[in-house]
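K.L.:
Spelled out, the chains give:
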Amino acid sequence: MSMNNQGRPTTPTSGAGEAMETNVKTFTGNKALMIEEALSFEVGDLSGSGVDLPELSGQYDRLGGVNRNETIGLPGLSEPEAMRHFVRLSQKNYAIDMGPFPLGSCTMKHNPRLNEKVARLPGFADLHPLAPESAAQGALELIDTLAFWLKELTGMPAVAMSPKAGAHGELCGMMAIKAALEARGEADRRVRVLAPESAHGTNPATAVQCGFKVEAIPGDGTGRVDLEALKEKLGDDVAGIMVTNPNTCGLFERDIRAIADAVHDAGGYFYCDGANFNAIAGKVKPGDLGVDAMHINLHKTFSTPHGGGGPGAGPTVLSEALAPFAPLPYVSCEDGKYSLVETLHHAEAEDGGDTLGRLTAFHGQMGMFVRALSYMMSHGRDGLKQASEDAVLNANYVLARLKSEMTPSFEGPCMHEALFDDRFLKDTGVETIDFAKAMIDEGYHPMTMYFPLVVHGAMLIEPTESESKRELDLFCDALLSLAKRAKAGETESFKAAPVYAPRRRLDETAAARHPVLRWTPPQTAQAAE
Amino acid sequence: MSVKYSQDHEWVKADGDVCTIGISAHAAEQLGDVVFVELPDTGKTFAKGDDMAVVESVKAASDVYAPISGEIVEVNSAIVDEPAKVNEDPQGAAWFVKIKMSNASELDALMDEAAYKDFAGQS
Ligand SMILES: Cc1ncc(COP(=O)(O)O)c(C=O)c1O
Chain A
12 MSMNNQGRPT TPTSGAGEAM ETNVKTFTGN KALMIEEALS FEVGDLSGSG VDLPELSGQY
72 DRLGGVNRNE TIGLPGLSEP EAMRHFVRLS QKNYAIDMGP FPLGSCTMKH NPRLNEKVAR
132 LPGFADLHPL APESAAQGAL ELIDTLAFWL KELTGMPAVA MSPKAGAHGE LCGMMAIKAA
192 LEARGEADRR VRVLAPESAH GTNPATAVQC GFKVEAIPGD GTGRVDLEAL KEKLGDDVAG
252 IMVTNPNTCG LFERDIRAIA DAVHDAGGYF YCDGANFNAI AGKVKPGDLG VDAMHINLHK
312 TFSTPHGGGG PGAGPTVLSE ALAPFAPLPY VSCEDGKYSL VETLHHAEAE DGGDTLGRLT
372 AFHGQMGMFV RALSYMMSHG RDGLKQASED AVLNANYVLA RLKSEMTPSF EGPCMHEALF
432 DDRFLKDTGV ETIDFAKAMI DEGYHPMTMY FPLVVHGAML IEPTESESKR ELDLFCDALL
492 SLAKRAKAGE TESFKAAPVY APRRRLDETA AARHPVLRWT PPQTAQAAE
Chain B
7 MSVKYSQDHE WVKADGDVCT IGISAHAAEQ LGDVVFVELP DTGKTFAKGD DMAVVESVKA
67 ASDVYAPISG EIVEVNSAIV DEPAKVNEDP QGAAWFVKIK MSNASELDAL MDEAAYKDFA
127 GQS
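As given, the protein sequences belong to chains A and B, one line each in that order.
Position in the first sequence (first residue = 1) + 11 = the working numbering.
Position in the second sequence (first residue = 1) + 6 = the working numbering.
Treat the hints with care, as some may be off.
[To be verified] Quick list of simulated restraints, FRET-style, between CB atoms:
#	chain 1	residue 1	chain 2	residue 2	range
1	B	31	A	272	43 to 49 Å
2	B	121	A	467	18 to 24 Å
3	A	247	B	13	24 to 30 Å
4	A	225	B	125	21 to 27 Å
5	B	120	A	194	34 to 40 Å
6	A	39	B	60	30 to 36 Å
7	B	95	A	54	32 to 38 Å
8	B	121	A	394	55 to 61 Å
9	A	227	B	31	49 to 55 Å
10	A	39	B	125	56 to 62 Å
Calculated from the structure, these hints are not laboratory results.
For each residue, glycine too, the CB sits at the ideal point set by N, CA and C.
Okay, chain A solo, but in the shape it has when bound (with noise of 0.2 Å):
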């Protein structure tokens, strides 16, 4: 025979180091894959840097002599150096490209590569915004398409596109609404906004910013608006009312015809929270429930890659009163020919003079855009109404397969997103951050958690149309287990998750109390203490 003298182990020695495993402290700190990431500021210098910029000779600058003197103090990596810190870091974080995103209302929905596909196309992903409008025509004409099919879903007159998310699409709608009542000289009457106890914390937010003061709007103790207690806080000093439909707790506000008539007969305006729009596209179009703005999160209800704060885009479609006051700058078309009104000038031409201005320095959020086009498009009429529908079957089956371990905080069906309380971990001494940082070591990204306010230790399920159902049956199956665990005793456990997460439980009273806002390279930081 011709040898091979190489020969090694090629079994594990039986028993070894199964005890270690979880002990063995490596020198790098590393564990295989899971690469310990120093921030770039530690590891880099200027003089590593992979980028070699010749020194600027004979130039002059601009800056009227406030040149910067000390050093920028920026990393300096080389180029692989700099593209494995990010591949390192994006390894340590959860996506929704590796597994199922419960994040109720904020709608994490699966991604389709064909909007990628497409919004990588040149014309798109290379165009300037400052590039002529001869140059942009394709650009302009996919802002006017999406803008028709927004309005077509919602069944409203007129939408303002550049909002860049749900947040900023409340205060396009409210400062719509400022400005309405203004032109109705009732603005230093109409004072007050009323909101739901189960509103999500923008809307307030975006209420006071407008100066508006905010009231709350009471529950009815079926997790709906309680109609007879808004219709008693209803008065002429009433700007409009902020209503999120389906609702935070995922239910659809059954009175809401009856809510905007009282909210219209009483001289007000119905904002409409239109985060959770992918609960009822396709089926339903606000603009028969009596909305009179509503913004839509493209980046929820149209997919896009979203999450960690960004980037958003919400459009905000506006009701015949409204319209008048839509923001600039706004897509025209003459004769096949697109244009963008950006000047109050421009705007009185069109006849758009009541405009509230500019609410941002450019169009929108153009990559948003071409992905929701692209959505909507792939999906047809009839896909986006059946994602709809998905979505709420999905959430009811977590909710009727959870439903024997956990306990919903609402009688009956919801719509695209399950609400439980923490009644089921009642004397276990588990609450709803155990439950959500052990959620984390079976290797799912939490559920929403404490939100809405309206019920005590909150879980927010919203699955979302994408997961098959073997994916939410594994999940309901992690769930249950948790559940049984926690009743079962195995409260420390609880109280030590996550353990096989890169960090483990976070201070997060610290981090509030005494946030560190700027980072100070190691030595500077010795030398103060």
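Got chain A sorted already, so can you dock chain B with the ligand onto it with the hints?
P.N.:
Same frame as chain A, now just chain B with the ligand:
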């Protein structure tokens, strides 16, 4: 005089016409770790039910309402510097403000200790 409570979880202790006001131990526990407190300026006047102060925990920001009408005569800036005190001793050292009452009869509408215990137990 004994401590009285509002339905919004403020406590009031009257001494002559000056009342010391804070948030109840129950409220402090429900809020979780307090991380921020904002108090009004002395000299400001409030009507019963007005937003008077803000208390923020990791979970949420809450308004503190004036449980009685009157003028602020003193504020406890120690809890602004050290919000943790609100969790440590909400009904003692971590009082919020002292108000000179403008209408002592408003005290009658507040709950006594036993009634508040009942009330808080349900909420
Ligand atoms: C009900 C509701 N309203 C408004 C918003 C605000 O949207 P955005 O996060 O895009 O500003 C959100 C999302 O976080 C939400 O869930």
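K.L.:
Now tell me if each hint is right for this structure.
P.N.:
Against the structure, the hints come out as follows:
1. For residue 31 (chain B) and residue 272 (chain A), the hinted distance range of 43 to 49 Å is satisfied, since their beta carbons lie about 45 Å from each other.
2. For residue 121 (chain B) and residue 467 (chain A), the Cβ-Cβ distance of about 22 Å falls inside the hinted range of 18 to 24 Å, so the restraint holds.
3. At about 28 Å, the CB distance of residue 247 (chain A) to residue 13 (chain B) agrees with the hint of 24 to 30 Å.
4. About 25 Å separates the C-beta atoms of residue 225 (chain A) and residue 125 (chain B), a value consistent with the hinted range of 21 to 27 Å.
5. Between residue 120 (chain B) and residue 194 (chain A) the CB atoms are about 55 Å apart, so this pair departs from the stated range of 34 to 40 Å.
6. Between residue 39 (chain A) and residue 60 (chain B), the C-beta spacing of about 46 Å breaks the proposed range 30 to 36 Å.
7. Taking the beta carbon of each, residue 95 (chain B) and residue 54 (chain A) are about 45 Å apart, not inside 32 to 38 Å as hinted.
8. A beta carbon spacing of about 58 Å between residue 121 (chain B) and residue 394 (chain A) agrees with the range 55 to 61 Å that was offered as a hint.
9. Restraint check, residue 227 (chain A) to residue 31 (chain B): a C-beta distance of roughly 25 Å breaks the suggested window 49 to 55 Å.
10. At about 57 Å, the beta-carbon gap between residue 39 (chain A) and residue 125 (chain B) stays in the expected band of 56 to 62 Å.
Figure legend: structure checked against the earlier numbered hints; hints not met, in rising order: 5, 6, 7, 9.
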